[in-house]
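Undergrad: Please take these sequences and the hints and turn them into a complete structure.
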Amino acid sequence: MDPLLLSLFVLIVTVAVLFSGVSVGIGLIIVSIFFIVWQDGTYGLAILPEVLFGKLDSFALLSIPMFILMGAAVASSRAGADLYAMLERWLTRVPGGLVVSNLGACALFSAMSGSSPATCAAIGKMGIPEMIKRGYPKGVAAGSIAAGGTLGILIPPSVTMIVYGIATETSIGRLFLAGILPGLMLTGLFMAWAIWSTWRQAGAHVVVSNIKYTLAEKLELAPKIVPFLLIIVGVLYALYGGVATPSEAAGVGAAFCVLLAVVIYGMWRGKALFHVFRDCTKESVMIMVIIGASGMFGFMLSSLYITQSIAEWIIDLQLNPWALMAMINLFLLCAGFFLPPVAVILMTAPILLPIITEAGFDPYWFAVVLTINMEIGLITPPVGLNLYVINGIAPDIRLQTILWGSLPYVGCMVLAIVLLCIFPGIATWFPEFLMGPAV
Amino acid sequence: MLLYVRTVHALSRLCGLAAATMIVASVLIVCQLVFMRYVLNASTVWQTEVVVYLMIGATLVGMPYVQLIRGHINVDLLPLYLRTGAPRRRLFVACVVLQAAACGLIAWFAGHLWFEAASGGWRSESVFGTPLWIPYLAMPLGFGLLVLQYFADLLTAIDCDDPFVAPEKRSPAAQGEN
Numbered sequence: 001m002d003p004l005l006l007s008l009f010v011l012i013v014t015v016a017v018l019f020s021g022v023s024v025g026i027g028l029i030i031v032s033i034f035f036i037v038w039q040d041g042t043y044g045l046a047i048l049p050e051v052l053f054g055k056l057d058s059f060a061l062l063s064i065p066m067f068i069l070m071g072a073a074v075a076s077s078r079a080g081a082d083l084y085a086m087l088e089r090w091l092t093r094v095p096g097g098l099v100v101s102n103l104g105a106c107a108l109f110s111a112m113s114g115s116s117p118a119t120c121a122a123i124g125k126m127g128i129p130e131m132i133k134r135g136y137p138k139g140v141a142a143g144s145i146a147a148g149g150t151l152g153i154l155i156p157p158s159v160t161m162i163v164y165g166i167a168t169e170t171s172i173g174r175l176f177l178a179g180i181l182p183g184l185m186l187t188g189l190f191m192a193w194a195i196w197s198t199w200r201q202a203g204a205h206v207v208v209s210n211i212k213y214t215l216a217e218k219l220e221l222a223p224k225i226v227p228f229l230l231i232i233v234g235v236l237y238a239l240y241g242g243v244a245t246p247s248e249a250a251g252v253g254a255a256f257c258v259l260l261a262v263v264i265y266g267m268w269r270g271k272a273l274f275h276v277f278r279d280c281t282k283e284s285v286m287i288m289v290i291i292g293a294s295g296m297f298g299f300m301l302s303s304l305y306i307t308q309s310i311a312e313w314i315i316d317l318q319l320n321p322w323a324l325m326a327m328i329n330l331f332l333l334c335a336g337f338f339l340p341p342v343a344v345i346l347m348t349a350p351i352l353l354p355i356i357t358e359a360g361f362d363p364y365w366f367a368v369v370l371t372i373n374m375e376i377g378l379i380t381p382p383v384g385l386n387l388y389v390i391n392g393i394a395p396d397i398r399l400q401t402i403l404w405g406s407l408p409y410v411g412c413m414v415l416a417i418v419l420l421c422i423f424p425g426i427a428t429w430f431p432e433f434l435m436g437p438a439v
Numbered sequence: 440m441l442l443y444v445r446t447v448h449a450l451s452r453l454c455g456l457a458a459a460t461m462i463v464a465s466v467l468i469v470c471q472l473v474f475m476r477y478v479l480n481a482s483t484v485w486q487t488e489v490v491v492y493l494m495i496g497a498t499l500v501g502m503p504y505v506q507l508i509r510g511h512i513n514v515d516l517l518p519l520y521l522r523t524g525a526p527r528r529r530l531f532v533a534c535v536v537l538q539a540a541a542c543g544l545i546a547w548f549a550g551h552l553w554f555e556a557a558s559g560g561w562r563s564e565s566v567f568g569t570p571l572w573i574p575y576l577a578m579p580l581g582f583g584l585l586v587l588q589y590f591a592d593l594l595t596a597i598d599c600d601d602p603f604v605a606p607e608k609r610s611p612a613a614q615g616e617n
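Protein chains in written order, with the working numbering: chain Z, 1 to 439; chain P, 440 to 617.
Read the hints as simulated data drawn from the structure, not as lab findings.
Be aware that one or more of the hints could be misleading.
[Claimed, not checked] Estimated spans, in silico, between C-beta atoms of each pair: (1) P/Leu519 x Z/Trp404: 16 to 22 Å; (2) P/Leu516 x Z/Gly360: 33 to 39 Å; (3) Z/Gly436 x P/Phe474: 28 to 34 Å; (4) P/Phe474 x Z/Gly266: 25 to 31 Å; (5) P/Arg445 x Z/Gly266: 32 to 38 Å; (6) Z/Ala202 x P/Met475: 57 to 63 Å; (7) P/Trp561 x Z/Leu319: 46 to 52 Å; (8) P/Met475 x Z/Gly135: 56 to 62 Å; (9) Z/Gly266 x P/Leu593: 39 to 45 Å; (10) Z/Gly360 x P/Ala533: 42 to 48 Å; (11) P/Met440 x Z/Asp396: 39 to 45 Å.
Ideal Cβ placement from N, Cα and C applies to all residues, glycine included.
TA: So this is what it looks like as structure tokens:
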């Protein structure tokens, strides 16, 4: 069969299998088995366990469970609530201070915990009722938290970026750096929209707060939060300074975060520590199974000559690079609506990377664009995990209100992608400034 | 039937415990590695390889537990569309049979690989030279136990309205006779 026709067949079977309700990881294994048997018979299956093992046999991958443990320790503690309260006290005099502090807390907490739903739950539980109490529109309150929760996959340390780095063999430290400025830009866009829409819908009196806090009140929570922030800064410094590899930095960071959660928040009691390890095991196994299965899927695509054929076909079309980028973005956006970011990256990166590098795009810049696309998937139906988390923690806000409240933030993300296309330096300047040009 | 389900659930929980222990062990070993390498400036021989094998072990052995708590992420559009009741149960059965068949095949071929590694005395190519049957064992074990967990899921699905939800999270009404 013609490889391109075969590609279409693989796509249809993959979509059918994944949409049936099977788990993503095992679904990829099912598709791989089907096509390998179709091509080589059952004889071809003997190699699959070695392919799976080979994919997971990497020291760089170890950083994933380590960063997840780091995040689970932070997410299971009261750090989110304290972070929110501290920022709110510091930013109370800033116009729209409450929503700004909520979004700031979301950005910091999602970077610390690495989990989008955990961020929505931790910050939203306190932030949404407080915003509604002070007159913020329900849609702004719910939408800002749902959107704020997505920032963690862009702002380092981000598991999504690590997976991209491993899938495309690009530097994880450089990817982390590339995510910082776009992450801050996106946070700024979210804040600007939240302030403007609050001012427009509820009036200036809501945006400007009269509550005052003393310096002692402002500093009260710093001893609890600053150590966690220092660990994150330390891990990033170790990475960028070339002091340690991502796995080493993440391992030590995870140990310190668990230790701090135990010391500061007394998490040795009851089942608290058990929950940290249970959540970490669940998340790590789920992601690592998808990674292992994507190894089999990639092997199958490559054996059937699909990866190479699609890349060659698209390059031969000689499309305008920006038309190509628009098509790729649309494709990623659609994939992100249904699949988790890790699965999208692992399934598409090996095919897309040669195409985008051939078209002259920077792979680090592309990582940022791809990640923002994945962020959109987190707050749009049908999957839109964050929408359902917000619906769970704020049941008195209708899902429709949350959805409409989140929609303008999708616009902010699309605007961020457009800005990144016009000014790619937003993603590439910082890593080049600190680490020199990519080799 | 109930005894089988309870035994497999207990085995899956044991797998979860083993996986969590392996993750904790790898964190501690990484800390020891960092201390040896960057504080004592000493060389490290076994640590890098052992932590990678522990991570692989945690991933594969942890699979049955994550299936028990329905932690493997899926696209649940079709299950949600079918809501609860017989059509959803039939879809669940079809999904589980498909997954069990695929995992059974991988377990079978992984068992062959493990046997070859054990009988052939295969070792890793590093200085430490780990006997490869040890890390390879995680594959037939993990996928084999996952198949058992799928069968347990099938048995509980017979009397349950919402089998896509983890057993402990089902509402009493959705639990059926189980």
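Undergrad: Hints first: check each against the structure and report whether it holds.
TA: Here is how each hint holds up against the structure:
1. P/Leu519 x Z/Trp404: 16 to 22 Å: holds, 21 Å
2. P/Leu516 x Z/Gly360: 33 to 39 Å: holds, 37 Å
3. Z/Gly436 x P/Phe474: 28 to 34 Å: Since the Cβ atoms of Z/Gly436 and P/Phe474 sit about 30 Å apart, the hinted range of 28 to 34 Å holds.
4. P/Phe474 x Z/Gly266: 25 to 31 Å: Hint holds: Cβ distance 27 Å, inside 25 to 31 Å.
5. P/Arg445 x Z/Gly266: 32 to 38 Å: The hint (32 to 38 Å, Cβ to Cβ) holds, given that P/Arg445 and Z/Gly266 are roughly 35 Å apart.
6. Z/Ala202 x P/Met475: 57 to 63 Å: Roughly 58 Å apart at Cβ, these two residues keep to the hinted range, so it holds.
7. P/Trp561 x Z/Leu319: 46 to 52 Å: holds, 48 Å
8. P/Met475 x Z/Gly135: 56 to 62 Å: holds, 57 Å
9. Z/Gly266 x P/Leu593: 39 to 45 Å: holds, 42 Å
10. Z/Gly360 x P/Ala533: 42 to 48 Å: Holds: the Cβ-Cβ distance is about 46 Å, inside 42 to 48 Å.
11. P/Met440 x Z/Asp396: 39 to 45 Å: holds, 43 Å
Hint violations for this structure: none, all hints satisfied.
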